Amino acid sequence: MKGWIDSLIGGSPWMLAVVHGVILLLFILNTVLLMVYLERKVAGFIQSRLGPMRTGPYGILQTVADAIKLLIKEDVIPTKSDRFLMVIAPFFVFIPTLVIFSVMPFSEGWIASDFSLALLFIIGASTISIMGILMAGWGTNNKYSLLGGLRSAAQLISYEIPVVLAALCIVFYVGSLSTVDIVHAQSGSWRFLGFLPLPKWHIFSLPLFFAALIYFIGQLAETNRTPFDLPEAESELVSGFNTEYSGMRFAFFFLAEFGNTFFAAALAVVLFFGGWDGLQGIWGALWFLAKAFLLVLVMMWVRWTLPRVRIDQMLNFAWKLLVPAGILAVVWTFAVVVYKSGGQG
Amino acid sequence: MTTAPALETREIITQGMMLNMGPQHPSTHGVLRLILTLDGEEVVDCDPVIGYLHRGIEKFAERRPYRHYIPFTDRLDYLCSLANNHSYCQAVERLAWIEVPERAQYLRVALLELNRIASHLVFLGTFGSDVGATTVFLYAFREREHVLDLLEEITGARLTYNWMRIGGLPADMPENWDKGVLEFCDYMEPRLDENDRLLTNNRIFRVRTEGVGVVSADEAVSYGLSGPTLRGSGIRHDIRKFRPYEAYDHLDFQVCTESGGDVFSRYRVRIQEMRESVKVLRQVFEKLPEGPILTKTGKLLKAPAGEAYSQVESPRGELSFYMRSDGGTDPTRLHIRAPSFCNLTVLRKLAIGTKIADVVVILGSLDIVLGEVDR
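Keeping their order, the protein sequence lines are chains A and B. Here the first sequence is numbered in our numbering, starting from 1 and rising by one per residue. Here the second sequence is numbered in our numbering, starting from 1 and rising by one per residue.
Honestly, the hints are just simulated from the structure, not real lab data. Among the hints, erroneous ones may be present.
Calculated pairs, EDC-like style, for lysine to aspartate or glutamate (alpha carbon to alpha carbon, straight line, at most 20 Å) [said to hold, decoys possible]:
1. A/143 x B/189
2. B/179 x B/189
3. B/355 x A/312
Predicted, not measured: the structure shown is a model, and the values here were computed from it.
Taking the hints into account, I'd like the entire structure generated from these sequences.
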């Protein structure tokens, strides 16, 4: 794919960046459209109803109609708000989401920029969105938004740590921060108990399975999914940090949230489920997306089943359980790596 | 030798944040306004403001013939309007010494218990969405739909039934209605088990509700709480049992109590009560006698001078109508003791010192209906 793009624009690095950016943006927009539809349908089926049915066959045009509605809606900026912060906050939330997709390997060679510190870049860049959420919470001058913004900051900072620890396990295990290397490390197969053939995905090796659990719980919180959807806890804070937003600015928050959810699932596929796993080109990408969407479905299933925890319970859970568990996972993985290398690593 | 300059100590002046929760808020269950003073997430003060739905329903009674007032009572606690209809009619029956035929007594019990299930299902649903479990809301409303269908079949309405009459009921039940109710009973019990698996035994739900908003038995009595809110604090008091009306003394059912006094206990009492209501419904149709369903009262009812007080166990608690007559065609005074109003008084005490998320859950567990609080 890279070669094809190169031939199209003649190899200018700036143009290359723009083209990749546009492709990723379109990919995110379409994925989010699909995910919103999926979320509604899944929610519908779980709640023994049909979900959207009227707009287009099986309601498939419903999210398109909603997107158009958001586009043409008035952009309301309250008089008493901090105009500057309120206007730029959505971009602070959305741009990190867009940027981190640039190191997501969809298939062999299907990556906007493969560089050796990709995982560190993901962790660093995604943290910026906290600032945007705080800005939105503060800038809109709404007390519910403020509470939502503060909750969000506390939550994202707390859960970033277990997620990073879980990712650190992978880094130890593979010995590289590059997402492509991590996927390559998972190709091939092994025999469980000597007879059951299993792919060499990280999820199937013990300390990393533990890390995967920590990663998944942490990401549920990072992406504001239900047991941890406190920043926008509907029943308490109306809509949390985005209460005052409307139109396209709201849509950016929405895009970022669903984009992040998809990214969390996709990153889980890269880290634990073998990425594109030996397949090439479009088939690799489809295999990758299939696994990512399966994880997204799990997240939706969790969302529509569980109640929400309280802020103090959530923080207790992160600091008293998840962080120690993460440290344990790191130590465990480290021990395994050292043992496997015969003490010469 | 130089001494370090004395550090100036300054106090940082902080101020609680005043948060206006309601009257338009998804979790205040109507037009209740809570003025919360917050220190971070913690609630320092909670001041409930009521009256946004005041319509002067008590006053309306004073200028209306007794019978014309029944539809007004529908609009009090709109989730169990039959209980309101009934409590009012019972007050007039006591005032005017009117006997209710036995068949009507049993049918009234069936209607009241169906309405209790419907009301508790609304509680279950809204409480579920208060703690963030939105799916429970839809499940509860799916079940409630069956009750509403049954009630619609007999009364023609789905919310404001207006079905009790002074001296009985306006019409007998349609044919095979009892079969429908019994089918519903068989349907309902597994659904309650399903809910136990989905919500009651959920770990997150437990930590959100257990030990939150604890009312001790003494406090519960001194605040004048009633209904499941009182029984959740371990006090066995149920008007259906201790001052039986209609056919309740011929029916076998348990008074559900829980000793915790917390949000979970109140929730648990309501869930148990639904099971008991199902039990009562089954018995009603076993024992339902034949006979008339309405005592004739004449075109314009005149009650003798005097007073009457009718107590009823509505899904929310003790619903009473006090009525005084000077012998005319309308009461000179009507007072409604609304359970939601009395139960709401404990909110301030429970809310102080908790988190915002707890305020929502505590309010949900009190199960108030603003139509009844404001009247």
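Subject >> Structure versus earlier hints - violations, ascending order >> reply: Of the numbered hints given earlier, the structure breaks just one, which is hint 1.
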